[in-house]
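Chains A and B, in that order, give the protein sequences.
Quick note: the first sequence, position 132, residue 132 per our numbering, numbers continuous.
Quick note: the second sequence, position 192, residue 192 per our numbering, numbers continuous.
Heads up, a few of these hints could be off.
Stated by the list, open to error - Pairs of lysine-lysine residues, derived as DSS-like cross-links and limited to a Cα-Cα distance of at most 30 Å, are as follows: (1) K125/A with K156/B; (2) K156/B with K105/A; (3) K105/A with K5/B.
Everything labelled a hint here was simulated from the structure, so no lab data went into it.
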Amino acid sequence: MYLRLNSVSKLFTDTDKKTLQNISLEVEEGEFICIVGPSGCGKSTLLNLIAGLDHPTSGSIILDGREIHGPGADRVVMFQEAALYPWLNVKENVLFGLQAAGHPKTVQQEIAEKYLKLVRLWQYKDYPIHQISGGMKQRVALARALALDSKLLLMDEPFSALDKQTIHILRGELEEIWEKHRKTILYVTHSVEEAVYFSDRVVVMAENPGRIKDIIPIPFDRPRNIEHPDFVALRKQILSQVQLSARKIAAEEFDKAEGDEIK
Amino acid sequence: MKGKKFAGNILFFILLILLWQLMYTASCDWFHWAKPYAVPSPAGVADCIVYLLSNGTLLTAIVGSLLRVSFGFAISVLIGSILGASIVAFDYLAQNLKPLILGIQTLPSICWVPFAILWFGLTESAIIFVVVMGSAFGIALSIESGIKNVPPIYIKAAKTMGVDSLHLYLRVIFPAALPAFVAGLKQGWSFAWRALMSGEVMSASVGLGYTLMVGRDLADINQVMTIMLVIICIGILIDKRIFTLAEHHILKKRGLL
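Only chain B is shown next, with the shape it has when bound in the complex:
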């Protein structure tokens, strides 16, 4: 059953690549709708992957981007947690700051690029800033709603068993809100990854966004396409292998899956 499903997946991608090749051939060779340098081809992308791998560019770019996003994401989690917890703790913030955060969260992270450049110049910090602004607020909101949605009965029961407030947070509220936290981190990660690209396109000297821009500058559409595919693959890989796996593990243990 599982093997059959896997074969189906492979077939789908083979068909997709064939369709892509067909479109390329049709538009460039048969009807001359487009110039070959403006349309990526499967063969061109394959060549590009081999080339970027062999000269080490791709690996350096991936490592550079992952280090950067990890650092930015860690700061986001820290800031988001503090912000989220403060909103829960103070009604005044919940009434006034929360709507603002909801608003900021809808802002595409690229909007922070001008600030980033003015305040930090074309530096690492500027990129980190964009990543943090892109993901911290979403994390704050999910921390807040995670805590808010802890069933009151869990808290009541703990209180009548003589649990003090520190332990109430550590042993009841935190574990009860954990599934919501992980879901929030997963979403925050995808925001961070997107924001990273906005930042890297602007000012990096190493990284996937930078390599993509080099492709643009060299008018090498295959390189642009290659990097886009790599960005997608890493995004999916981290989402599935880290966050979704953790989420499933937690939910399964509680019989929610």
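Excised from the complex, chain A in its bound form:
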């Protein structure tokens, strides 16, 4: 098994709430996994644990036979915000990670060029970050992440801050790139449609404590048609699962707030 999560739990000490409880998951090399769930179910926390930015309270995470103890270039993260460095231009941002990897200068240049061309931004290579659009920023971030050729690509709602049209274009691009490179991707999203569109398997999470509720394989051929009746039916089925727990949480939070007022 390529990536293995052995009953991973995470407890934040400042709240007594258990954020993640007994998460066990196995991911094959080259698999595209989407994680969906109501907000607050800990899906981003899970991604942070795999990235090594945070440590599990118990359990272990093993990637390619080695346990994860801290962040590393074998697990690059793409965040909701592009997290590009505004003091560097487009190309320099892509080069940033490559410099840390210690490739020779000429090789760095070649790799940066290859991936900027892949996301179709080569002609913008000298642009300052503040002069490109939100969608372009995420494409730069994608190029920067892909350029490191990591074992695992972790994506934390990377398109959720963008407008619908841009999302559609980027989805197509990401899928194309994934087909070509067969990266192992863990993709956190709140859009069930996105999850069914991309994944080999969808991991549905529930909240309080954050846990895996269901793992649903998506059997459709690619490229997938989001208007196909089977697609829509499966999307609705998963959505109802997510919404169920979302409604439950809303009810709980509502009650709590009312209770506080009475006191």
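With chain A fixed as given, assemble chain B onto it according to the hints.
For chain B alone, kept in the frame of chain A given last:
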């Protein structure tokens, strides 16, 4: 448009000088409220500038003061950076030393003069000491807040790209905090310049503060006024031509201006 603005600036200063002349004439000649030796006049100051320039006093004083403040400011930047970085690195210092530094920073630099004289005598070192005490703490605080305010996402992103901690500082934290650093240095410079005057008034043998005191001793109010104007002009010049320019350059490159 730009020419019009410039003309407006010139007009403003001409009006200001006319008002000054009017006040001088009114108080000394018309109503005899004040003795002429107690009130500076535009003509008197102009004469004084010519006089101090022609005998070389003004230039020597300016060079002397600038050398001194540069040296003191450099020490302040060094001490401030070390102090600021240590506060960031150690929570214990952030909790205990930072409030103290905030307190010391509010202390007018002239308060350090007695210490300076007792420890260093009437020497160059005494003046440098006052300059350093006047500006190092402000710089330390701005270094600290600059580093603290680096968006965590920049650091997270770098870590997941395999950047080690040395390079994290060099390639992410330092450039990300640079605008705050420059703003801090700008403020530190103005503190240093003020502190320098406190120091020079007390013990210098060359410098603007000293020349100002000579003016006082000779009861030459025009000389005092001349030096005050020079101090203001140099302060503005360095602020605008060096620090503000650097700040604009950095912010513009990042699309923040």
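Hint check results:
1. A C-alpha spacing of about 24 Å is found between K125/A and K156/B, which places the hinted pair at or below 30 Å, so the restraint holds.
2. A distance of roughly 25 Å separates the Cα atoms of K156/B and K105/A; the hinted pair therefore holds under the 30 Å criterion.
3. Among the hinted pairs, K105/A with K5/B is inconsistent with the structure: their alpha-carbon atoms are about 50 Å apart, more than 30 Å.
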